[in-house]
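Visitor: As a plain string of letters, each chain reads:
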Amino acid sequence: MPSPRPNPLTLFTSLRLTVVLLLLSIVLVFAATLDQVHLGVWGVQEKYFRSFFVFSQVPGTGFLFPVFPGGYLLGGVLIVNLVAAHFYRFRFSWRKSGIWLTHVGLVLLLVGEGLSGILQQDHQMRIDVGQTRRYSESFRETELAVTETTHPGYDDVVAIPASLLTDGAPIQHPMLPFLVKPVAYYPNAMLRMRSQTPGAPQGMATAGEGTDIVATPMPETTKPDESNWPTGYVELAGPEGSLGTFLVSTMLQQSEGFSYQGRTWRIALRARRDYLPFSVTLLKFTHDIYPGTDIPRDFASTIRLRSDDGRDDREVRIFMNNPLRFGGRAFYQAGYANNDRTTVLQVVRNPSWRIPYLSCALIVLGLVVQFCIHLLAFFRRRLGAPAGDRAPGVGSGGSGPGLASCPPPP
Amino acid sequence: MPSVPPTQRRIALILVVGVCSGLAACRDKSIASYRIPKEPDSDQAPSPDAAPPDAPAIHWTVPGGWQPQPAGAMRQGSFLVAGAAGAAADVSVVSFPGTGGDDLANINRWRDQLGLAPVPAADLSGQVQRLTEGAGQFVFTDLAGAVAEKGDVRILGAWLRQPDRVWFFKMMGPSDLVEAQRDAFIAFLQSVRLADGAGGGSALAKRGPAPSNTNDLPRSGPVAGVPLVQPAAGGGGMDSIPVQAAGGASLIWQAPADWQNQPGNAMRKGSYALGGGAEVAITAFPGDVGGVLANVNRWRGQAGLPPVDEAGLGQATTGIESNGLHFLVVDAEGGSTSVVAALLPWSGGTWFFKLTGPAEAVTRAKPAFLSFLKSVRAP
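These protein sequence lines map, in sequence, to chains A and B.
Mapping of the first sequence onto the working numbering: residues 24 to 433, in sequence order.
Mapping of the second sequence onto the working numbering: residues 2 to 380, in sequence order.
Chain A extracted, bound-state conformation (with noise of 0.2 Å):
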């Protein structure tokens, strides 16, 4: 007799949910693909997997609202699914153990996934050869750094991401002897001479270079070919008034300096860093090409670790998928420029990147278990073992590992 209302157990560990769910992640998947040529590969990630709904806008107004389970509910509900119909369905027994593993080999991939895509950074690292750098730059995220360069051994940073340029509240911080207050800030902008653009309107800079520059706000661009250039207007202020509104620019390759209180500052926009406890020196780069192509066939870089510690002094050598694996960062090789005298490295930080290894390793695992689980049953058949000892379905047409194995539920 049916319940009067819907079971949660029923629910969640129903099959049909399961096919509802990958059914959704299909259209998904679709919809996103198609979405990307507005919005390119980093911003359909943001927008459909890495989300928990799909947003869209109203026309005409700036309110947002669902229209689509985004990557992280469907892969959650996905999670929550197979766990419990694990549980629901399946009795334990060592026949079966093949069957458990491969099912928690699947559930890690499912949740490595997703903390990959929460926790993971991108960054890379430009180096000249002779050049030590201690610091990765994100390919995508911007910040605006206050710098003190009063003392002559040392800098002290105040790193503030671009995110909070965008909603014009006064920032303070203890380290700071001033207020910054965003003026204006675009995600993307041009700037030219003021002096080669006649009749352009009066900026918002009061000091600086930028009084000499005009910035015109550009639609952001998706092309993997071209660049944004985040833009900005900060005003800093003091208990006696301001001190002057800057123009800060990624577009720009030199920080303003200014003076306060006699000690000594300067501020940029550029890309968020990640300052490193150790320093990374580029020895030596060589790049080899295919014949009679362009190609690269294989490009490396010879580099000198130092950790701050003194535990770590060596050369290593990154190349083609070789990457070096150190300070919780995996160092790729990912590409060149300057003639082959800079070297472009990928700098990941994943705390999760060993879970797709242990998931697949566990799922390789359960099969073969399960596979000689089955195989020890067979020979035992044909050498004319007790029937009680058969595994379950061998010997009548033999279902795999998986759900489909399973007994129907009571």
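Bear in mind the hints are in silico, worked out from the structure with no lab data behind them.
A virtual CB, placed ideally from N, CA and C, is assigned to each residue, including glycine.
Misleading hints may appear alongside valid ones.
Label pairs and their computed distance ranges (CB to CB) [as the list claims (entries may be wrong)]:
| no. | chain 1 | residue 1 | chain 2 | residue 2 | range |
| --- | --- | --- | --- | --- | --- |
| 1 | B | Val120 | A | Gln225 | 43 to 53 Å |
| 2 | B | Tyr35 | A | Gln284 | 13 to 23 Å |
| 3 | A | Gly351 | B | Val148 | 48 to 58 Å |
| 4 | B | Gln316 | A | Leu45 | 52 to 62 Å |
| 5 | B | His60 | A | Ser48 | 53 to 63 Å |
| 6 | A | Thr245 | B | Tyr35 | 31 to 41 Å |
Use these hints to put chain B onto chain A, whose structure you have.
Guide: Below, chain B alone, put in the same frame as chain A:
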């Protein structure tokens, strides 16, 4: 059977969603502060003579009369050229990572500064010239317009692309003064040298997106190990160029003396600028490269003409026999862009000889191109 009670499962689900939301929300929202060892440039005011610390090295020879100015935050070089009666032109050298926009965007940006209407893509070739100098191939333009309060203003501009960045060179000022400085500006471009020469770049950027038209592959500068097409000595005013095909066989041709030899690349066997925006590209590929009909319709499409079917192929093409070689020539005359191309199956592969550019320039160059085809021969 042990199963998880519904209440516990609900709590677990809420926890998972909550933790995920929290982790996602925590990203990129916190202000960081840290102390770092002094960086070499951090406590120095910008020096007018110093290039920005991250800027690639570039060298040039400053023409006489150009007064160096402070480079500033955006410029790698800045000069003032003084003229009569207080007139002055501004020269700037600016570099940006990436592609710096396409040619059309650059032209229209400068046209806008001169109060000129933007030009469509079809008219782009009439706006630019390509100059091959020591540092690489410059795209050069000369624009004149009128600006309120300044009168007649002219821009001499050029950009030079490297795989990972683009350099802009620009002179802007009163028309008379800029006209008088044109030779000096071109000499300035000729003197430009990038550190260790042009080339390099991100491996991905260098390969670029898959081209839809094999004759329109992006060009690249000289690459170590790749032999460039060079004129043979003693050509008597005509270039005589042996070119290796994929299979090791070669063709030889003679190009008219007024065709400007351009750097080739791994795909282009030869490349010439003919003036007026027209160019000739020679490429070779193994196999039949999709067949005659597909290539003919591709070229017709580039000229804005409708495709033809097998039955119409005979009318759309003509054959040329020369030196034992049989060319199939397509004359696709479009409204603004024209293509005259020849297809030559030879030695297990297919060779393409393609003249393309503004319709007027192609019409003018067509007789020379057909004569050029007759110079092609097997070794």
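Visitor: All the hints need checking, so say for each whether the structure fits it.
Guide: Hint check:
1. B:Val120 / A:Gln225: 43 to 53 Å: At 30 Å between Cβs, range violated.
2. B:Tyr35 / A:Gln284: 13 to 23 Å: 22 Å Cβ-Cβ, so the 13 to 23 Å window holds.
3. A:Gly351 / B:Val148: 48 to 58 Å: holds, 56 Å
4. B:Gln316 / A:Leu45: 52 to 62 Å: Given about 54 Å between the Cβ atoms, the range holds.
5. B:His60 / A:Ser48: 53 to 63 Å: holds, 56 Å
6. A:Thr245 / B:Tyr35: 31 to 41 Å: holds, 32 Å
In summary, the one numbered hint that this structure violates is 1.
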